[in-house]
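Using the hints provided, position chain W with the ligands relative to the given structure of chain S.
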Amino acid sequence: MFAFVAFSLRRAWHGFWRNGLMSIAATATMVLMLVLLSGLIILLTGLDATLNYVQQEVQVVAYMKDSATPQDISNLEVSLQEMAQVTQVNYVSKDQAMKDFLARHPDEADVIGSLSTNPLPASLQINLRDPNDYLDIATFLKSQPAVDRVLNIKNTVDQMVTVIGILRAGGTVTLVVVGLIVLFIIVNTIRLAVVARADEIEIMRLVGASDAFIRWPFIFEGAFVGLLGAAITIGLLFVGQGPLTGFLSDYFKVLPVEASATVGRNVALIVLGTGVGIGVLGSYLSVRSYLIR
Amino acid sequence: MAMVTAAPSGSKSSPHRRPGATDQAPDGLIPNRIVLAMQGVTKSYPNGREALHGVDLTIPEGDFVFLVGPSGAGKSTVIKLLIRDELPTKGVVLLDGRDLGRLKRRDVPKIRRKIGIVFQDFKLLPNKTVRDNVGFALEVTGARKRDIEPAVDRVLRVVGLTGQAEQLPGQLSGGEQQRTAIARALVHNPRLFIADEPTGNLDPVISWEIIQLLLRINELGVTVLMATHNAEVVTAVRKRVVALENGRIVRDEVGAAYHRED
Ligand SMILES: Nc1ncnc2c1ncn2[C@@H]1O[C@H](COP(=O)(O)OP(=O)(O)OP(=O)(O)O)[C@@H](O)[C@H]1O
Ligand SMILES: [Mg+2]
Chain S
1 MFAFVAFSLR
11 RAWHGFWRNG
21 LMSIAATATM
31 VLMLVLLSGL
41 IILLTGLDAT
51 LNYVQQEVQV
61 VAYMKDSATP
71 QDISNLEVSL
81 QEMAQVTQVN
91 YVSKDQAMKD
101 FLARHPDEAD
111 VIGSLSTNPL
121 PASLQINLRD
131 PNDYLDIATF
141 LKSQPAVDRV
151 LNIKNTVDQM
161 VTVIGILRAG
171 GTVTLVVVGL
181 IVLFIIVNTI
191 RLAVVARADE
201 IEIMRLVGAS
211 DAFIRWPFIF
221 EGAFVGLLGA
231 AITIGLLFVG
241 QGPLTGFLSD
251 YFKVLPVEAS
261 ATVGRNVALI
271 VLGTGVGIGV
281 LGSYLSVRSY
291 LIR
Chain W
1 MAMVTAAPSG
11 SKSSPHRRPG
21 ATDQAPDGLI
31 PNRIVLAMQG
41 VTKSYPNGRE
51 ALHGVDLTIP
61 EGDFVFLVGP
71 SGAGKSTVIK
81 LLIRDELPTK
91 GVVLLDGRDL
101 GRLKRRDVPK
111 IRRKIGIVFQ
121 DFKLLPNKTV
131 RDNVGFALEV
141 TGARKRDIEP
151 AVDRVLRVVG
161 LTGQAEQLPG
171 QLSGGEQQRT
181 AIARALVHNP
191 RLFIADEPTG
201 NLDPVISWEI
211 IQLLLRINEL
221 GVTVLMATHN
231 AEVVTAVRKR
241 VVALENGRIV
251 RDEVGAAYHR
261 ED
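Line by line, the protein sequences give chains S and W.
Mapping of the first sequence onto my numbering: position 181 corresponds to residue 181, and the numbering continues sequentially without gaps.
Mapping of the second sequence onto my numbering: position 84 corresponds to residue 84, and the numbering continues sequentially without gaps.
Here chain S stands alone, though its shape is the one from the complex:
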């Protein structure tokens, strides 16, 4: 067993370097594919997280008219709470709204302090069981005399859902195409390696080597291309992680920071699995025809 593994690994290693140029080309395309793959995963994860955040935080915001009495507002709050679609209702008073604003924008305290009245409206923040119920609630709220304006978070959510859908579909198609190209290149790389060893393989067959001894060195060679490609990709991601996270959190503002460690680990695992998987599959396909008939 040990002899077998040592033999296979040794041959895989020699095979990789014997066809150095081709192996490097295969590794490079592998890296390209894996970078695309991980980019897509990271982007989609970020968007998903943002979407969840937006959906979870507050789904509907109804701003109250300044003329609305506390009685009006608490009546409205009660009737909202009685609705089946609503999970939670929070009342944010004008004072609270000001405090929140100051907490988020401390440098504007001067400006605010110079105002004689509080310009911020009181609001009801409503969480829905299902975001799709938005329209019912919005229609109801708009019909209430105490309500000034209903914030259309639904639109933002819908746009994000569409963008994520397009990215997911487009990304998957691109990945499948690139994946097939990579597979094709691996198959050809390994086939070259197999052809270079055709004499050896013939002798191996004739002196009684089992299929495993003929097949596994090439499978290891393919796995090695996948492993190297994955390692380079993970290295690139590691180096690029700082700027990338910066860009993402700048762009999407709300990317949850605590998710990035697990995301990183998952991406690394997916990259590794995909790289090695494609390498092994490609080699398996290449040597099949060279085994004992």
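Source of the hints: derived by calculation from the structure; they are not laboratory data.
Just so we're clear, the structure is a prediction, and the values are computed from it rather than from any experiment.
Do not take every clue at face value.
To give an idea of the chain S side of the interface with chain W (calculated C-beta under 7 Å), a few residues [claimed, not checked]: (1) Ala68; (2) Val207; (3) Gly208; (4) Phe213.
Sample of chain W residues with no beta-carbon within 12 Å of chain S, all distances over it, derived [stated by the list, open to error]: (5) Gln39; (6) Gly48; (7) Gly54; (8) Asp56; (9) Leu57; (10) Ser71; (11) Pro126; (12) Ile148; (13) Thr162; (14) Leu168; (15) Ile206; (16) Glu253; (17) His259.
All residues carry an ideal CB built from backbone N, CA and C; glycine is no exception.
Leaving out everything else, chain W with the ligands in the frame of chain S:
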């Protein structure tokens, strides 16, 4: 893997007989086990060429058989059938009592390890030394490194190539290349040794040396089948001669010469 260092000697009284695989010998001696049998074998290649037609051949353990006949008679085809590199179109090929035509794919390697074979074109790897070429046959069948070394040294001593162990095949004479191929065939301690002699004639002295080597191997109890064109050698050693012509066996005599003697 078992490394037998002393093969059974004295073929006629070989104790390694198995019941059920014997033939009643006509002269009343203890019958030897049949190592190899072809029954009604016809072989047509995919291109329609019929290389063998209705061949019957039985080789008992310990035999020494010359397979002779003109170029294209079908000698190499017989050998390819025996190692199941090709399958018969008709008839059966039995090796150690097993029908090669019905052998499962994964059992093929096991059968091949029982046979040591020297190919007509040697099939040595040009980028490996003599030692590595010989060791390769053990390495690819799963032998451990520490078992390979002594086994290789032993067969190199048997064929007299200890001094050339580190040379590449390109740096060897034809006879040395053939002896390397013989060493590789022997390194598994095969029970059956098959040599397909190259058609390009080797130096007669070297051919003679090689035959002496094969006779010695045969004396160790290994069954030997040798395809050859070398009339002088065949006639001189007076062993069993099976002659092929146009894919048919035209003569099968014990203690015979290369050509028919009337
Ligand atoms: N793979 C093949 N495909 C088609 N025909 C073949 C093949 N191998 C051998 N033959 C044909 O079968 C016949 C027997 O060939 P074989 O190699 O057995 O002859 P041989 O007796 O070994 O000859 P030589 O002494 O020249 O080696 C020849 O006519 C040859 O052309
Ligand atoms: Mg021949």
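- Non-conforming hints, listed in increasing numerical order: The structure breaks hints 1, 11, 12; every other hint is satisfied.
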